[in-house]
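Participant: Residues per chain, in single letters:
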Amino acid sequence: MRESQIMFIQYMTGLLILVFGSFHFLLISALAPTTDKVLYSYTYLNGIRTLAGGTLYYSTVKAVYTSLMWGSVFELLLTFLVFHIFNGFRVILSEQFPGSKAEKIITYSVLIAAMIVFIWGSRTIVLMLNGGL
Amino acid sequence: MTIENKKGWISWFNPFKYGTDRWMYALHRLTGIVLGVYLMFHVVETSRILEGAVTWNSLMVWLDYPFGPHFGPLILSAVLLAAVYHALNGLRLTIVENGLMLPKPYRPEYPYKPRSLRGLNNFLKIFLGFFMIAISAVGIIYIFTGAIL
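If you're matching them up, the sequences are chains C and A in order. Position 55 (the first sequence) corresponds to 55 in the numbering used here; numbering is contiguous. Position 56 (the second sequence) corresponds to 56 in the numbering used here; numbering is contiguous.
Okay, chain A solo, but in the shape it has when bound:
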């Protein structure tokens, strides 16, 4: 029965009946997969440093201009965005799913909305969202210009 009802990964992107948490969950998994694949490439790529200066420097030039101007920095920026989103959303999940920072329990009153959890979750989404924009902006500006604030 479980297998018959299973929709697989397509269900990650079902927007109906679900809120922003569902989209953030889907994006968390997608960015996780992207970063996992990137790590494997990164480990192979960095191992080329063992082949010496000429190989390494020419590899870096190719990675900067793989398919044309600014393509390398664009890929690096996409990886940075994925990493920042995954890290900060992971921080939110660690706090919310483990019940950290929750206030003391209160007497349930009609209409029984889980106010404490929802409030904290919404606060974290906004706070970490701003933080994500700030870190990403600094990172992308650095990638393209080399300027450090």
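Next comes chain C alone, as it looks inside the complex:
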């Protein structure tokens, strides 16, 4: 693939991340499926601070993950992010370490790292869509 085509995808994924990332931020605030819209809501049980609600509480997060619509949004966001971030790393590293041999090493290393992050993230999304382990 030509560098100009890769950079075009870099711009496009950047714009898509802006849209899907906004949904992600809204989902842990205004759109969270809970009446308690704070990130953390605590109670004290026998003097020990315990998480009892909020948008990051287990049942709230699970309700989001088990929704097919939000699961799809997360998967798309992860795909765009992984491409955008690791291509960015590739560009920065290629500038720091010039040369065709270094570029090959950087490209393949970044590709492997991107695959690991993508598979790891997708695994969580897919398993949670089916209710977890």
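Keep in mind the hints are simulated off the structure, nothing from the lab. These numbers come from a predicted model, not from an experiment. Be aware that a few hints might be false.
[Said to hold, decoys possible] Here are the computed lysine-lysine pairs in the DSSO-like style, where the Cα-Cα straight-line distance is at most 27 Å: (1) 7/A x 17/A; (2) 101/C x 62/C; (3) 7/A x 101/C; (4) 104/C x 7/A; (5) 104/A x 125/A; (6) 125/A x 17/A.
For chain C, the structure is supplied; the task is to place chain A on it using the hints.
Facilitator: Relative to chain C, chain A alone:
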């Protein structure tokens, strides 16, 4: 020759001979690296939800108070600032570098300043700068208080 003259990433922060665009470029790369590293932590952290409610809730409590009161929200606010800056500056770069929103070409006249590009770029810096302050303020207030405008 290229390698000999190369200054590496140190050159990102050379303020001499360059204007605000250079600093914004350096900050764009820095925030990109920070957000990239954060994504990897975020993917690993969110995968812990598979271990059940007790693990997840205790992880969230730890992330809220990792090294003392308000440290978690401070880290989250820094990530939010980096994300908002990177996103809006990226939007500016997408518009400017691809020549979008540029007016029709005009006859070059002395002193041949690229007025159209400079004007648009400056406008975007100010407009998106205000937008960045507004979004960051709303986000940080939400992180610390839970208040949504």
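Participant: A separate judgement is required for each hint: does it hold in the structure or not?
Facilitator: Quick rundown of the hints versus the structure:
Pair hint residue 7/A plus residue 17/A holds up; C-alpha atoms about 15 Å apart against a cutoff of 27 Å. Of the supplied pair hints, the one linking residue 101/C and residue 62/C is violated, its CA atoms being roughly 45 Å apart against a limit of 27 Å. A C-alpha spacing of about 20 Å is found between residue 7/A and residue 101/C, which places the hinted pair at or below 27 Å, so the restraint holds. With a C-alpha separation of about 22 Å, the suggested pairing of residue 104/C with residue 7/A holds against the 27 Å cut-off.
Taking the CA atoms of residue 104/A and residue 125/A, the gap is about 21 Å. The hint holds against a cut of 27 Å. Between residue 125/A and residue 17/A, the direct Cα distance comes to roughly 20 Å. Compliance with the 27 Å bound is thereby established for this hinted pair.
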